[in-house]
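**Student:** For the record, the sequence lines run as chains H and L.
Numbering-wise (the working numbering), the first sequence opens with residue 1 and increments by one.
Numbering-wise (the working numbering), the second sequence opens with residue 1 and increments by one.
Note that these hints are calculated values from the structure, not bench results.
If the Cβ cut is set under 10 Å, some of the chain H residues that face chain L in the computed set are:
{"#": "1", "residue": "L5"}
{"#": "2", "residue": "G23"}
{"#": "3", "residue": "R206"}
{"#": "4", "residue": "E209"}
{"#": "5", "residue": "G217"}
{"#": "6", "residue": "A218"}
{"#": "7", "residue": "F222"}
Since we're looking at a predicted model, the values are computed, not measured.
For every residue, glycine included, the Cβ atom is placed at its ideal position computed from N, Cα and C.
Letter by letter, the chains look like this.
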Amino acid sequence: MTISLLIRRILFFVKEASHNIKGNLFTNMVAIFTISLALTILTSFAVFFINMEDMLDTFGADVQVIVYLKEDIRSDSTSPMKEKIRSFTEVDSINYVSKEMAIQVFKNELKGQKGILDELGANPLPSSFEIGLKKPFRNSDGVRTIVAKLKVLEGIDDIHYGQEWVDRFTAFLSFFKAAGLIIGVFLLISTIFIISNTIRLTVYARKEEIDIMRLVGATESFIKTPFFIEGLFEGLAGAILAFIMFNAVRYMLLKNIPASFSSLINIPFPVTDFMIILLGIGTAMGVFGSFISLTRFLKQG
Amino acid sequence: MIQLYHVYKNYNGSSPALTDISFVVEKGEFVFLTGPSGAGKTTLLKLIFCSEKPTGGQIIIDGKNTSRFGTREIAELRRKIGFIFQDFKLLSNKTVYKNVALPLDIIGHRPREIKKKVSYVLSYLGLQHRANYKPLSISGGEQQRASIARALVKEPTILLADEPTGNLDPALTNSIMELFLDINAKGTTVVIATHDSSLIKKLNKRTITLEGGKVIQEKE
Numbered sequence: 001m002t003i004s005l006l007i008r009r010i011l012f013f014v015k016e017a018s019h020n021i022k023g024n025l026f027t028n029m030v031a032i033f034t035i036s037l038a039l040t041i042l043t044s045f046a047v048f049f050i051n052m053e054d055m056l057d058t059f060g061a062d063v064q065v066i067v068y069l070k071e072d073i074r075s076d077s078t079s080p081m082k083e084k085i086r087s088f089t090e091v092d093s094i095n096y097v098s099k100e101m102a103i104q105v106f107k108n109e110l111k112g113q114k115g116i117l118d119e120l121g122a123n124p125l126p127s128s129f130e131i132g133l134k135k136p137f138r139n140s141d142g143v144r145t146i147v148a149k150l151k152v153l154e155g156i157d158d159i160h161y162g163q164e165w166v167d168r169f170t171a172f173l174s175f176f177k178a179a180g181l182i183i184g185v186f187l188l189i190s191t192i193f194i195i196s197n198t199i200r201l202t203v204y205a206r207k208e209e210i211d212i213m214r215l216v217g218a219t220e221s222f223i224k225t226p227f228f229i230e231g232l233f234e235g236l237a238g239a240i241l242a243f244i245m246f247n248a249v250r251y252m253l254l255k256n257i258p259a260s261f262s263s264l265i266n267i268p269f270p271v272t273d274f275m276i277i278l279l280g281i282g283t284a285m286g287v288f289g290s291f292i293s294l295t296r297f298l299k300q301g
Numbered sequence: 001m002i003q004l005y006h007v008y009k010n011y012n013g014s015s016p017a018l019t020d021i022s023f024v025v026e027k028g029e030f031v032f033l034t035g036p037s038g039a040g041k042t043t044l045l046k047l048i049f050c051s052e053k054p055t056g057g058q059i060i061i062d063g064k065n066t067s068r069f070g071t072r073e074i075a076e077l078r079r080k081i082g083f084i085f086q087d088f089k090l091l092s093n094k095t096v097y098k099n100v101a102l103p104l105d106i107i108g109h110r111p112r113e114i115k116k117k118v119s120y121v122l123s124y125l126g127l128q129h130r131a132n133y134k135p136l137s138i139s140g141g142e143q144q145r146a147s148i149a150r151a152l153v154k155e156p157t158i159l160l161a162d163e164p165t166g167n168l169d170p171a172l173t174n175s176i177m178e179l180f181l182d183i184n185a186k187g188t189t190v191v192i193a194t195h196d197s198s199l200i201k202k203l204n205k206r207t208i209t210l211e212g213g214k215v216i217q218e219k220e
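Kindly produce the complete structure, drawing on both the sequences and the hints.
**Tutor:** Structure follows, in structure tokens:
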């Protein structure tokens, strides 16, 4: 195919597609609106899920192991011990809390009831290490592994971690991720299904036209291309509308829900990235939707 | 050249539409297919045009066996064949001009060339004043002429016509026939299905007569 023929073809297809959109305005509007609704639901779910996951991750940062050191530990052995613990793969951060710092924290917490502390006499609190874990290890298995490693170290009196809390949190997190994945996949498939069926309406509305095009010698690609352009346009317009609807709903929610929940409807990317992603998904779904419906339709004919 | 060898066509649950049809139409020939309604004329044209497949036998067009054709080869064949449909098959959402230009758009002609050819064929068929009308807003005779214009505009090597003068008055029928003879004289093979015996008598061309799906007579 020569370049001039290619350019003529492209111009012809774009003209055809725009003519078809104008000629079937109502069906196209229905398609665009359906696509935008499906994309709005999918986007809302994705945004909620990503924010919820982030929120749970911040809870996960609370998964902490506290190692209490023996009373008689020599002060010069804490530093090598800290380095040793820091070298464990699971460890993200380690903080040494001396006896003095511990009592200071305790005193601050018991402000106004100084009398109790005075009665204690000598400082009864042990020195300790507060160990933060890396993200992949903030779960039951991760905690068990590090605890096993810590137990064999010398100079350790006791190890504290909220075993029950960690177990519950881990179970909830796995459930949340699995449920999110299943719902997400289900929504994605339904969106593609809805989009391809909506586009099928526009294809069926022009069954006669497709038959006639074939009879006068049009190849399959000649028939399909204007439909792909239409699908692309419908996907793009649907995505723009979805972007507007999503933001309108978000704006209304932000005005009406308590501020503490507002982080759940934050857009997790820069707005331009979010727009590009949404337009990309919309366009791809429009083209993919027309591809599915046309392939099915042309096979029948 | 169109060659048919022992061609059969059966539709599910009905009597055979065509039985053992064999004939050859030479390049540049002018042939009438005739017979009563339901004789199988339209089915035969559809088989040559590859819009239906034969149940048995071989159809060879310009040396190529159509039974092995895929969608691309069928599309290529249809670009060479002009088909005038009994029910016109015009795109109702496009103007007469756009309908006639469609085969040239498909082949990929230049816009200037398309304009020249379409204008010529429209004025030849007396349709220039209807160029910007949609098919449903013009008369049946005009729709038929638009369908003829679409078949002729690409200067086909083979012209197949299914009752092309069915909706035309005698004067227009004569002028359309003149047109067919004219393009036949330029080398196009013409096969016309008609039950208009006066037309066949007047032109005195080779005639294949079908009845009940069989060739019952062939007259040179």
